[in-house]
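There are 2 protein chains.
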Amino acid sequence: MTKPDDPNRVLIFDTTLRDGEQSPGISLNSQEKLEIAQQLARLGVDVIEAGFPITSPGDFEAVQAIARADFAPALPPVVAALARTHVADIDAAFNAVKDAARPRIHTFISTSDIHIVHQLQTTREDVKGQARAAVAHAKQYLEDVEFSPMDATRAELEFTAEVCQIAIDEGATTINIPDTVGYTMPNEFAELLRGLYALVPGLREVVLSVHCHDDLGLAVANSFAGLQAGARQVECAVNGIGERAGNAALEEIIMLLHTRQADVGLFTGAVTREIARTSRMVSRLTGYPIAPNKAVVGRNAFAHESGIHQDGVLKERTTYEIMDATTVGLDANSIVLGKHSGRHALQQALAELGFELSGQGLVTAFRRFKEIADKKKQVTAMDLEALVTDELRQELAGYALEWFDVEASTRRPPHATVGLSSPAGEELVGSFTGDGPVDAIFHAINAATGVDARLREFRVDAVTGGQDALGETSVVLEVGGVTGSGQGVSTDILEAGARAYVRALSSAIRRQGIQAEADAAGVAAPEAVPTP
Amino acid sequence: MTKPDDPNRVLIFDTTLRDGEQSPGISLNSQEKLEIAQQLARLGVDVIEAGFPITSPGDFEAVQAIARADFAPALPPVVAALARTHVADIDAAFNAVKDAARPRIHTFISTSDIHIVHQLQTTREDVKGQARAAVAHAKQYLEDVEFSPMDATRAELEFTAEVCQIAIDEGATTINIPDTVGYTMPNEFAELLRGLYALVPGLREVVLSVHCHDDLGLAVANSFAGLQAGARQVECAVNGIGERAGNAALEEIIMLLHTRQADVGLFTGAVTREIARTSRMVSRLTGYPIAPNKAVVGRNAFAHESGIHQDGVLKERTTYEIMDATTVGLDANSIVLGKHSGRHALQQALAELGFELSGQGLVTAFRRFKEIADKKKQVTAMDLEALVTDELRQELAGYALEWFDVEASTRRPPHATVGLSSPAGEELVGSFTGDGPVDAIFHAINAATGVDARLREFRVDAVTGGQDALGETSVVLEVGGVTGSGQGVSTDILEAGARAYVRALSSAIRRQGIQAEADAAGVAAPEAVPTP
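Chain order of the listed sequences is G and C. Our numbering puts the first sequence at residues 1 to 532. Our numbering puts the second sequence at residues 1 to 532.
Only chain G is shown next, with the shape it has when bound in the complex (with noise of 0.2 Å):
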């Protein structure tokens, strides 16, 4: 990728896929991490980390498959792949991004001492020489690499410094200046980039990055100060989801180049009226609620959207509010359908939606429609967007619930009965008297499968208000040490309980199959490698 015409032109970097996915209890397959991506392109970020194919068959293929999407935007995202310095990384990297119209490999390993010593178990000769060897590799393959020197907040300047001038001569075109463990500040972090610039002279030709972890809750400003100090690059995740804290939230840096444009002078290259669509995606797709107060994407974040009638007060809006909701789409929710709706006002307002669904898939989703429309009065473009992310779930080979009956009282224990189909089809029934609804479902699908799973959490959101809203249902069970994950949505949250459970289950299964594999093939299981 060449540096863009405008020196303040700043890139988004979207790693929701790589690093927001490694976030414990998220596990997104190939065709939600597809939906995600194609959101992100008309989000209009420039390159988006599709993830880290050496760690699993399944994440290969998920950045394979975003490799070869067809994006709307006339000039596609960069698509880019994490590797680690081996051979086999790089090799998996290349072979999982080729297909892309603008495919990236990004390289990393740590300069400080203490992940040298530590983690890597090698000195800082060898460290040189891996850093050469992958980017030479890496450049063979194609024109765009990426390198970042992990952990370098906690590095040694000089060292860094001479790692980057390496990654530099062997044709890196991105330097990313990761701060992996959250650890630094805002002026210290700008004084480091300062100290690169200095004793780095090719950095001036090649993109330089900011890669910030929000541990200590500077990820917003410590990748802003690095902006400042002349990064054009920034590594983000949508909700600021990631690794422990997260990272920088794309939307929180979006924003503020945004409305800050005028004093800053820096902008980037987004779509921002489809942040609060993408927000609300990354949420359902990955389970992780957003809270009301978080900046920009909140329930509350913007003054006349929290039902507060101030209308005495707001005698002029920007007294109080220095962005404008309609800025960031959240007014974009207009659309209202009801149970006479048909198939074609449904594809439009799915269109309208940025779901173009035809054939089987608008079958589908009209089948759903329907069976929604026939409990509420009104189905709202909120409603839609749950049922058509809630259709992307259905995993390929896994249970599925049929039906269930539940009795509940506070006057005696409540007694469910389940039935499932099992993944080759056969139906399976099983009933449970427990300590709650929830519990006597859950149990009941363990009686049916007869697989132990053991729940972590558990999570309600209703969709929108009203009384006959959705319910959005979140579900971590772990079964035999590998974790699941699940959602359902539904206007019974015994029902939508009960889909995210059977999904959960099926997604623990699938991944302790992964888990074997990679045991017997003896490389790590992929959650537990450490990245940038």
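Note that these hints are calculated values from the structure, not bench results. Just so it is clear, CB atoms sit at the ideal spot from N, CA and C, and this is done for glycine as well. Treat the hints loosely; a few may be bogus.
Said to hold, decoys possible - Computed footprint of chain C on chain G; a stretch qualifies when at least three of its residues, placed anywhere within it, have a C-beta under 8 Å from a C-beta of chain C:
# : region
1 : 19-29
2 : 199-210
3 : 230-244
4 : 282-293
5 : 450-460
The hints should help you fit chain C onto chain G, whose structure is shown.
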């Protein structure tokens, strides 16, 4: 309050109960506020902003209860009350805090032209006069007076300086600079403070404070830049709650200063081990969830808490962690009681958690404990916290849930019957066939009470992992334009949901009364008063 002797000592001013409590959907009763204040004292905050007494009798009473409380620390926290520059506001603030060991009045008026013109509809001269009169009036009552030039980050520096000088001349002991709309950036904010130091000679004799909002994700970074520029009080809220995107997160400020103390040199008086418990209590009582990737207090904030088995990777803890989970009190979850545990064991366990219960309070807690212990094999510290805070929620004179029956199935619409007791003690029964079991119960409660409440939000979280986890439910509803919120805890989420709904309904009805009183008195409703 005098300035601390050590010039590097930073004062923590907590506004959870004032700015935080103004968030939509939060309505804490006096007992809940008092419990949070006691926990803030254990956490070692220096100042508790307890409320805005003029805005409602309920707020006045809560501030008064906190002012009169016995706090465990040898040096009890300052108890502050907010007041506009009006005489009535300052009188109410003084009357509410006057019994505190260390009372403070915090008065404010905007210095930005956009606020002066559009919101105050007055002139700069009038603002100067109001600031002068307000501080002088407050000083007649007490020594410790804080003044805030609201919206200072969008005001002309010279005018803000002039108003601050007036406040200092009249005896203000703390000058607080608010970024009311969350607009500023770290370097810009530091420059503003340096400008004030240059223009206001008396500023070095008082405590300079900062109050930052998180609209652009920079609240912590801006506060930190303010401290580096010389401020020594930081206004913040637990979990970063507050108007719109909220205030700087207290836990991030404390842990940032703690983790980087060797480099920055600033320190607080906070007892970091109380952070996790404080965060859980505030989340539970406000019904505001914490994102898993929230810095310091999110479920994933600490790598080794995340459930990922990285034993092979974490050869040295500091390789990937800059903070230890024990530092913020995340290990304090070792208490486990069972169904055979007696009243004394419960009392001891509660005391370890900071709850001193005896008499009727202990009897009630023991009854609830036994109910839960019959259903769960193990009752953990987290469960006990949830139960005890649930008891705090009992409305004084509201409806109460007595019993319910629900039948739910995928094969026919769910049906619910509920029994309630009215505030007057009569038994009320209602039933309904709904779209889901929760919908059916909520409508049945409407039928029983004859109140047409409309659900706005519904959320369920599991308190701990495990199939038999306690479910914690949060409901926001609306009755005739007035919102009410309620939470409920049970192993049965339908029961927890019904309790939360009944409490929210009682709260909305109580608030309708307050609103009607305010309307009759011709004063603005509490939520419509703009604050820093």
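For each hint, the structure was consulted:
no., hint, verdict
1, 19-29, "holds (count 3)"
2, 199-210, "violated (count 0)"
3, 230-244, "holds (count 6)"
4, 282-293, "holds (count 6)"
5, 450-460, "holds (count 7)"
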